[in-house]
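Enquirer: Residue numbers (the UniProt record's numbering): 1 to 566.
One or more of the hints may lead you astray.
Here are the simulated lysine-lysine pairs, BS3-like style, with alpha carbons at most 30 Å apart [to be verified]:
1. LYS181 - LYS343
2. LYS390 - LYS162
3. LYS343 - LYS207
4. LYS492 - LYS390
5. LYS411 - LYS390
6. LYS162 - LYS146
7. LYS162 - LYS378
8. LYS70 - LYS517
9. LYS433 - LYS390
10. LYS343 - LYS364
11. LYS146 - LYS401
12. LYS146 - LYS378
13. LYS378 - LYS433
14. LYS492 - LYS162
Derived from the structure by calculation, the hints contain no laboratory data.
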Amino acid sequence: MAQRPKDAEAMISTIEIRGLGVIDRAVLEFGEGLTVLTGETGAGKTMVLTSLGLLLGGRADPALVRSGEKRAEVDGVFLADEAAKEAALEAGASIDEGELIVSRTLAAQGRSRAHLGGRPVPASLLSEIVSPLISIHGQAEQMRLKSPVAQRELLDAYGGEKHAALMDEYHAAWREAVALKRQLDDLLLHREDRASEMEELSELLGKIDALDLHPGEDEELRLESRRLMGVEDLRSYVGAATAMLSGTENAEGAASLLRQAGERTAQGEGLDHSLEEFHARFQSAIIDVETLADDLRVYLRNLETDPARLSEIHSRRAQIKNLLEGRASDVTELLAWADEARKRFDELTGSASDPEEVRQTLLKAQERVLEIGARLRKSRLALASALSRKVDAELAGLAMKDAHLEIEVVKARPNPHGLDEVTILLRPHPSTKARPLGQGASGGELSRIMLALEVVLGENSSAHTFIFDEVDSGIGGRTASEVGSRLARLAKNKQVIVVTHLPQVAVFASTHLVVSKTQGLTSVTAVSGSEREAELTRMMGGNPHSEAARRNAIEVLTSAMPQSQG
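Please model the entire structure based on the sequences and the hints provided.
Expert: Here it is, written out as structure tokens:
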């Protein structure tokens, strides 16, 4: 495993590939600085990049599984930065001494699997956590560079924290203005509905307030109504009970019988003193029964019919029932409903529901969008000028000395990203007209423009590792040496991995990996010393087995290196 650089913030350390395409098994150990992957066409360099894409959450195609194998596996060891560590730990992943292990398994028949720090995760999570560490540049990225959105994002990325804060301020103002516009549209669209709702709530709340209800009142009224309607039955029941206790002309009551029973126990006291206790208990019971009879007689005297009160109760219960219908099951719930209804009424009558007040607030929000947007546009214009100058200087060293990268910041209707549109144009020669990248730049020019931009933007980029594929497409000679020089310069602060076929680029590498194919099997080997000289010689078209050819190749390569590289 590659030794971890002491000052490395984040990088790819190792990748192990098994059963992927033409690769049976390969282990790639990356170092800090510039790593190049070289090898003959068809040896399997593409599969190396494909494996990286899988570790970053890319699409898993079962067709990538090597013929005859049940599965393909890719394991990667990343030295993660603090943001990636925190996100991985939140996802339940394990991190050992800052190393985050990422794995993808592709089944020839079935679904793929992803693991992060030993924990099964969706592949999309790899894209969220690992992908921000890596910036991959190939034909797809060159095509994306033609997009106006990508061009605006590229310019904004050059602005650093101060410009990013200004963009955040604009986005917040834009969202507020959009929300207010939707609110106003809704108010105007449903104006009549809201007026109707206000009228209905006002009427209902007025009726509830007029009744002056209290919790549990409906049950109290129900019980009182039942008592008033049953007065005659109550008189009959209570009268009979009173007669049973006190007696009538024709029958003795309970009190009289208890008194007689007590007298019998008193007669037996002379024979057994223990009966005194029973006699005393009879006396107590007689008092309780007589008291109960007196209370029942008082109840009977107060038991009167009250038709007026009964009518009042019936009326109030009917009013309550009408208000309960469709809103609550009892008075307690109705009062809770009324509290919510008052809040809704206040909302409908408040300033937030007044179209004119919302309109005035919207106008202020729109003015704020224009004010911040103007500052954002001014910032972009300054960035465009500075970035254009720096990229032009880089292009001059990439055999495009007369080329000019023009970054237009043109006024546009307010949109979620500002008050302007960004367009990057290329003028290959002072006598030619500047044209948008999508129309006027060849593949080779796009490669060099992409590289020039990355060199300028690299120091401020949040990515820690840059991977370039076909960045040297369509170039050679001195220009290729300049490309290698700039990749090496970018690699002073970032980890840079380049797939190249040019020895003028490969000679700048601090780590050189050779992808070779023998009898249908692909292997990846780190080369140095004479082995590396042999590979560079092969790339130049010389005989790698000839010491003289190797010496001549290295002499040619080093002499062609820019002076700044030594």
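Enquirer: Taking the hints in turn, state whether each one holds.
Expert: Verification of the supplied hints:
no. : hint            : result
1   : LYS181 - LYS343 : holds (24 Å)
2   : LYS390 - LYS162 : holds (20 Å)
3   : LYS343 - LYS207 : holds (17 Å)
4   : LYS492 - LYS390 : holds (18 Å)
5   : LYS411 - LYS390 : holds (24 Å)
6   : LYS162 - LYS146 : holds (26 Å)
7   : LYS162 - LYS378 : holds (13 Å)
8   : LYS70 - LYS517  : holds (22 Å)
9   : LYS433 - LYS390 : holds (20 Å)
10  : LYS343 - LYS364 : holds (27 Å)
11  : LYS146 - LYS401 : holds (22 Å)
12  : LYS146 - LYS378 : holds (23 Å)
13  : LYS378 - LYS433 : holds (25 Å)
14  : LYS492 - LYS162 : holds (25 Å)
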